[in-house]
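S.K.: Now for the letters of each chain:
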Amino acid sequence: DAKTTQPPSMDCAEGRAANLPCNHSTISGNEYVYWYRQIHSQGPQYIIHGLKNNETNEMASLIITEDRKSSTLILPHATLRDTAVYYCIAANTGNQFYFGTGTSLTVIP
Amino acid sequence: GAVVSQHPSWVICKSGTSVKIECRSLDFQATTMFWYRQFPKQSLMLMATSNEGSKATYEQGVEKDKFLINHASLTLSTLTVTSAHPEDSSFYICSARNLGETQYFGPGTRLLVL
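Protein chains in written order, with the working numbering: chain A, 1 to 109; chain B, 110 to 223.
Take the hints with a grain of salt, since some may be wrong.
Which bits of chain A does chain B cover? Going by a derived footprint, with three or more residues having C-beta under 8 angstroms, they are [as the list claims (entries may be wrong)]:
#1 7-20
#2 41-48
#3 99-106
Partner residues aside, some chain B positions facing chain A, computed with beta carbon under 8 angstroms [to be verified]:
#4 Leu153
#5 Leu185
#6 Ser198
#7 Gly215
It should be emphasised that the hints constitute simulated quantities derived from the structure, not laboratory data. Even for Gly, the Cβ is constructed at its ideal location relative to N, Cα and C.
Please construct the entire structure, taking both the sequences and the accompanying hints into account.
M.R.: If you want it as structure tokens, here you go:
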């Protein structure tokens, strides 16, 4: 699985969009980009995943660059409950996930 | 999304005893289940991959005789920590996946070995 790199921490004002970047420059053609988040002392929560095209669901949007070497998770209107550690993972659908250190997002009132 | 449960949510045991943790997929059949361990302020570390009806595949450095994994049905996997010691105290998390689908995680089990 491709290694991913994320900033260790970010702040975002409540109500604003939170844009979380992820680099995955060694991603292979059949590896998806997955995003999960982990609120303190809970199991990770699935957010979204994509292969090439941008994706949107009720939680977030995922923007993948054309060369697929990086992506951005967008939380359109961050709330205090979005404070969590966000993990970006590049993996085949059938393969194991290896978690990096993620980005600790703090939403500020 | 799909629901995965774990039981118990927390457990305290004496050193030398064995502890069993259950992971269930409640609304889908999980052909594969994964077990992770997470120490304070660290990321999740994959311990093993378990396919229904097969022996688990352990990650390098994880002792298979200490962490026994059983995946006897499409909705249940168990992790048994044998002869637990204080250094095994951690947050244990399972995930489950059906063929070609993404992984869904359980809420985790906090183990404290005294």
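S.K.: Hey, does the Ser198 (chain B) contact hint survive, CB to chain A under 8 angstroms?
M.R.: Violated - the Cβ of Ser198 (chain B) stays beyond 8 angstroms from chain A, reaching only about 14 angstroms at its closest.
S.K.: Count the residues of the segment 7-20 of chain A with a beta-carbon closer than 8 angstroms to any beta-carbon of chain B: does the count reach three?
M.R.: Since three or more residues must qualify, the claim that chain B covers the segment 7-20 of chain A is violated, with 0 doing so at under 8 angstroms.
S.K.: Should the hint that Leu185 (chain B) touches chain A count as held when the rule is a Cβ pair under 8 angstroms?
M.R.: At 17 angstroms from the nearest chain A Cβ, Leu185 (chain B) fails the 8 angstroms test, so the hint is violated.
S.K.: Double-check Gly215 (chain B) for me: the hint is only fine if its C-beta lies closer than 8 angstroms to a C-beta in chain A.
M.R.: With a minimum Cβ separation of about 5 angstroms from chain A (threshold 8 angstroms), the hint on Gly215 (chain B) holds.
S.K.: Examine the segment 99-106 of chain A for residues whose CB is less than 8 angstroms from any CB of chain B, and state whether their number is three or more.
M.R.: It holds, with 4 qualifying residues against the three required.
S.K.: Should the hint that Leu153 (chain B) touches chain A count as held when the rule is a Cβ pair under 8 angstroms?
M.R.: 4 angstroms, holds
S.K.: For the segment 41-48 of chain A, count the residues whose Cβ lies under 8 angstroms from any Cβ of chain B; is that count three or more?
M.R.: With 6 residues in contact (Cβ-Cβ under 8 angstroms with chain B), the coverage given for the segment 41-48 of chain A holds.
Of the numbered hints stated above, those contradicted by the structure are hints 1, 5 and 6, listed in ascending order.
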